[in-house]
Amino acid sequence: MLAHQQQHITLPEGSIEKQTTTLNVGPTHPATHGVFQNIMELDGERIVSTEQTVGYIHRAFEKLAERRPLYQITPITDRLNYCSSPINNMGWHLTCEKFLGVQTPKRVDYLRVIIMELARISDHLICNSIVGVDTGAYTGFLYVMQYRELIYEIYEEVCGSRLTTNIGRIGGFERNFTNTAFEKLEKFLKEYPKVLKEFENLFARNRIFMERTIGGGAISAERALNYGFTGPNLRAAGVDYDVRVHQPYSSYQDFDFTIPVGKTGDNYDRFLVRNQEMWQSLSIIEQAYKKVQEFKGTDAEIFHADVPEYYLPKKEDVYTKMESLIWHFKIVMGEVEMPKGEIYNAVEGGNGELGFYLVSDGGRTPFRLHFRRPCFIYYQAYPELITGGMLSDAIVTMSSLNLIAGELDA
Amino acid sequence: MALTNQYIQEKLQEKFGDLVSNFEESYGLLSFEATVANNLKVLQFLYDEPSLQFQFLTDICGVNFPDDAGREISVVYHLHNLAENVRIRFKIFVPVAAPDVFTACNLFSSANWMERETYDFYGVNFVGHPNLKRILNVDEMDYFPLRKEYPLEDQTRIDKDDEMFGRG
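Residue numbers (my numbering), protein chains in the order written: chain A, 1 to 410; chain B, 1001 to 1168.
Heads up, a few of these hints could be off.
[What the hints assert, rightly or not] From the structure, some residues in chain A lie toward chain B, with a derived Cβ separation under 10 Å:
id, residue
1, T53
2, A60
3, G341
4, I395
These aren't lab readings, by the way, just hints derived from the structure by calculation.
These numbers come from a predicted model, not from an experiment.
For glycine and all other residues, C-beta sits at the position ideal for the given N, C-alpha and C.
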């Protein structure tokens, strides 16, 4: 039986007669970078047509979420875009807070901004260095991994875990940032600019890298919008849409930063936009850290909002106070009823607009929760991006789109 | 002039009259309902009308209301006017017995997979879709898992051998 019959893939008519080659790229093992399968029709090395398939690691997040109280959904969001899971966590908390009408203190907002921008840097760092790997430059990737480690150490200090962070709670953080966390942040802020500069020098004006990426996987702004592109991929095509600016959340309006945009929407522009965004994120972190330092005395102790219905009380209070014990029990058992209604809330994720559509019928768990996963939406454009190009450019295009299989498949 | 929800509502009512209904505003976002037969007309109007220009499709998803006879399945569209930075939500309701909805693929390329996903989980038949087949689940699946009639596994069941997964 032919491969395309097994997969229920419709080949372009007459492809056999036309003497093109069918090539199966993937599926790879689920433990690797991502499980992608592309069935490509090749004329020599040129791609005539492609059909991509997804769904090899679908884990029914939306169904699972219908049985879980709000705080138990946070670990699910970790596993969407796992290169920047803190952004997903924060996005979910922000959605819940908006839905429940919780006001967070400024200090919480700023701490969140620090964590989210660190996550954005680690996300872009992976993506850009992987583009490097796929164009044959492994060194950059290995080099920057050390500095992603610094970011992960900060997460570890704040929440105890590294990759799937489950960071923060509805209303704020589970504990205040320790001095060690701030020291690690300072270390990162001190060391990272030099590294980023060096990383940039390795690639940005590198002749081989430019030849490999310029013009490959290009998309016009109009097509990108029609395909629902968001995030760096859309900005690389020249549209300055950024959720952080258009619908500021977590006090992003207090910060001074620019939205880098590209022009051609090709692999090179996507690289440059991500690179610039890392500089912007760095500047945002510095501003936020300065703002956080301005809180003195008891103000510097604030790390969560006062929401007893959703924020777990202190453990010593649970043992000594009736009220706290009740709330602890209710929260842990998921016995807090939500208001009725529906909400759509979005944050600027590592690779685009990450949206949460929550429908509540007044029960204890969401009636329906839908994640708008940016890469699921823009991966549709992949055949259009690579058709007519070389097979090796298709690989670079795939990595420069920043596709995360976990997010693709929900 | 900034685009207000009030203005969008007036514009839609002027054009479609009774075919659009249930206008409500939650968290600053205008939400309304249209009849199934008109979903494409509404989308096209929102897209083309010079003062509205909702040309970015943020999301399509399904919702299942098993108790609402004749309106069991809802398809929810989120649209965005990027220039004015206004979002709206628009819903249609179809009976579960005949969940036929016109596809928005010709208007938005992004609708293709969103509709496939909605079909995959809710069985909504998007009429005119170029490639309506399952996307996240296996092709052989014969039910639509996000419908409420398919409950999650009972967490207290004891008949299952889960030794290898730490539950034995």
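Checked hints:
1. T53: holds (8 Å)
2. A60: With a closest approach of 7 Å, the A60(A) hint holds.
3. G341: holds (6 Å)
4. I395: Violated: closest Cβ of chain B sits about 22 Å from I395(A), beyond 10 Å.
Checked against the numbered hints given earlier, the structure breaks only hint 4 and satisfies all the rest.
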